[in-house]
Amino acid sequence: LLNLVAGRTIVACALLADETKPELTAVSERAQFLSRLFKFEFVFPVGKSFDQIFVETVEHLGKLGPVVKEGERLRAAPEPFARPLLQFLADLIRDYPESYLMAALTLGEVGASLDKKEFIRRALDTGRAEFLAGKIITAESLSRTNLESALQWLLDQQALVEKEKEKKLTLGPRPLPELAEQIRAYL
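When you read off a place in the sequence shown, starting at 1, and then add 552, the result is the number in this note's numbering.
The set of hints was computed from the structure by calculation and includes no laboratory data.
Everything hinted at is true.
Below, simulated DSS-like cross-link-like pairs (lysine-lysine); rule was C-alpha separation at most 30 Å, straight line:
(1) Lys715 / Lys591
(2) Lys668 / Lys591
(3) Lys720 / Lys669
(4) Lys573 / Lys600
(5) Lys591 / Lys669
(6) Lys573 / Lys687
(7) Lys615 / Lys600
(8) Lys720 / Lys591
(9) Lys669 / Lys719
(10) Lys668 / Lys720
(11) Lys687 / Lys669
(12) Lys719 / Lys668
(13) Lys591 / Lys717
(14) Lys621 / Lys600
(15) Lys591 / Lys615
(16) Lys715 / Lys668
(17) Lys591 / Lys719
(18) Lys669 / Lys717
(19) Lys621 / Lys573
(20) Lys591 / Lys621
Okay, the calculated beta carbon distance ranges per label pair:
(21) Glu718 / Gly617: 53 to 59 Å
(22) Gln704 / Gln584: 16 to 22 Å
(23) Phe592 / Asp643: 18 to 24 Å
(24) Arg680 / Glu733: 16 to 22 Å
(25) Arg696 / Gly599: 28 to 34 Å
(26) Arg726 / Gly614: 34 to 40 Å
(27) Phe640 / Val713: 35 to 41 Å
None of the values given here were measured: they were computed from a predicted structure.
Note that the Cβ used here is the ideal one computed from N, Cα and C, for glycine as well.
Given the sequences, and given the hints that come with them, work out the whole structure.
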């Protein structure tokens with residue numbers, strides 16, 4: 553069901569992530585980062601570019617009422633329901649950025665003898681520690697399925713590489729050193 557509202561949740565999350573930069577281009581860049589991050593999680597409309605989907609989603613959110621587009625800027629509407637609705641939409645996908653954060657934090661533990669199963673186990677351990685410390689708040693983020701998708705994304709981005717014969721993970725040519733900080737901005 554999240555696929556039906558994925559665009560709205562991503563735009564809400566992108567808008568709330570940094571309200572000091574309400575320019576449409578900045579919100580669009582943040583939304584595009586999230587849509588690329590979650591490409592293994594959601595199905596986006598076929599035959600439409602990201603820009604088309606973004607514009608349509610902003611227009612739709614404007615009609616629903618939680619956002620106001622003022623020229624080239626986007627902000628939460630002044631109505632009392634707007635911010636809670638945007639937060640609700642953003643929270644619908646909160647477990648995904650939290651899961652991907654756990655995977656990003658686990659990148660530093662990749663060594664010569666780490667396979668996919670061990671990576672997932674360590675990411676779950678990292679997630680439990682983050683959850684107990686109050687740094688992540690959704691128990692759903694401790695999902696093996698979410699972490700497997702996050703691992704697939706890291707492999708796709710070449711932050712990690714799997715050696716064919718040994719099936720061991722190593723850091724790839726694009727280690728993405730600031731990935732955890734980038735993801736934290738959306739939490």
